[in-house]
Amino acid sequence: MNISAPSIASQPGSIVDQKSSAPEGKASLRASVKDLKFWYGKFQALHGVSMPIYDRRVTSIIGPSGCGKSTLLRCFNRIHDLYPGIRYEGEIALESEDVNLVSKSVDPILVRLLVGMVFQKPNPFPKSIFENVAAGLYVRGMRNKSLLHARVEQALRQAALWDEVKDRLNKPAYELSGGQQQRLCIARALAPQPKLLLLDEPTSALDPIATAKIEELIDQLVKDVTIIIVTHNMAQAARISHHTAFMHLGTLVEFGETEQIFTNPREKKTQDYVTGRFG
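Take 1 as the starting number for the sequence shown in the working numbering and just add one per residue.
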């Protein structure tokens, strides 16, 4: 059943023209979520989630507050392991590395080097700009100064920040504006050359100009890295993502190409959400 969602889908360029310019053709799998279940103590937050993550594509996860979208995202880099009483079942298989990211036998530190993450609010370390970006490289054991400087510069260029900070790399990161701090956090996540980049509502604390810069940046980054973004902003999901997952009450209701999700959803619950009937 075709639907019309004027507030999102019919905005000029909102789904097709401004979408991230990933490579053309059929995408290969970068990761697969397979019957993933997750508990906080006795509370089951995720119920058998299964979905593909396509290589060098942007996948958005949308849904109402408390639906489990951020919980799912944080499973990818095991942030939940920092808290007691959590439990995973199922798999998040990182295809090229043949590793289950949520397996007890896999070191969470290794997972966080393979899977970079940027949070809702910029969270630079209380260190210099350079030391922020180099943090993950130190964890990897990199100590060669020339290699460190080259990788830091590369990450800052990827995050479209190099020209703004190249003359003050030793200055405190907190001297940067909010939008610059968020791009610094993206550079920090990119420096170890992760296989996946997770973005948890990365523009919700930013003004419209800074938000536009982050969206433009995502458009460039997806040429080289696979991106998964949680967003409460459905117009943003429509603009920047190639695939969209809609979640409700810890379950995956529907997954598909973004244009299909917003203009011709298969599930009534998805239709109700994207047309504003609930959420």
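These aren't lab readings, by the way, just hints derived from the structure by calculation. Backbone N, C-alpha and C fix where the C-beta goes; we use that ideal spot for every residue, glycine too. Mixed in with the good hints there might be a few duds.
[Stated by the list, open to error] Below, simulated BS3-like cross-link-like pairs (lysine-lysine); rule was C-alpha separation at most 30 Å, straight line: (1) K127 with K171; (2) K213 with K34; (3) K171 with K213; (4) K195 with K213; (5) K145 with K34.
[Unchecked claim] Label pairs and their computed distance ranges (CB to CB): (6) P126 with L82: 17 to 23 Å; (7) Q260 with K166: 21 to 27 Å; (8) P172 with H47: 40 to 46 Å; (9) A150 with F278: 20 to 26 Å; (10) E216 with K121: 19 to 25 Å; (11) K26 with D98: 35 to 41 Å.
Now the hints, each set against the structure:
1. K127 with K171: holds (8 Å)
2. K213 with K34: violated (34 Å)
3. K171 with K213: Holds, at about 23 Å.
4. K195 with K213: With a Cα-Cα distance of about 23 Å, the restraint between K195 and K213 holds, given a limit of 30 Å.
5. K145 with K34: Outside the cut-off at roughly 41 Å; violated.
6. P126 with L82: 17 to 23 Å: holds (19 Å)
7. Q260 with K166: 21 to 27 Å: violated (43 Å)
8. P172 with H47: 40 to 46 Å: With Cβ atoms ~44 Å apart, the hint holds.
9. A150 with F278: 20 to 26 Å: violated (50 Å)
10. E216 with K121: 19 to 25 Å: Given range 19 to 25 Å: holds, Cβ gap about 20 Å.
11. K26 with D98: 35 to 41 Å: Violated: the Cβ-Cβ distance is about 21 Å, outside 35 to 41 Å.
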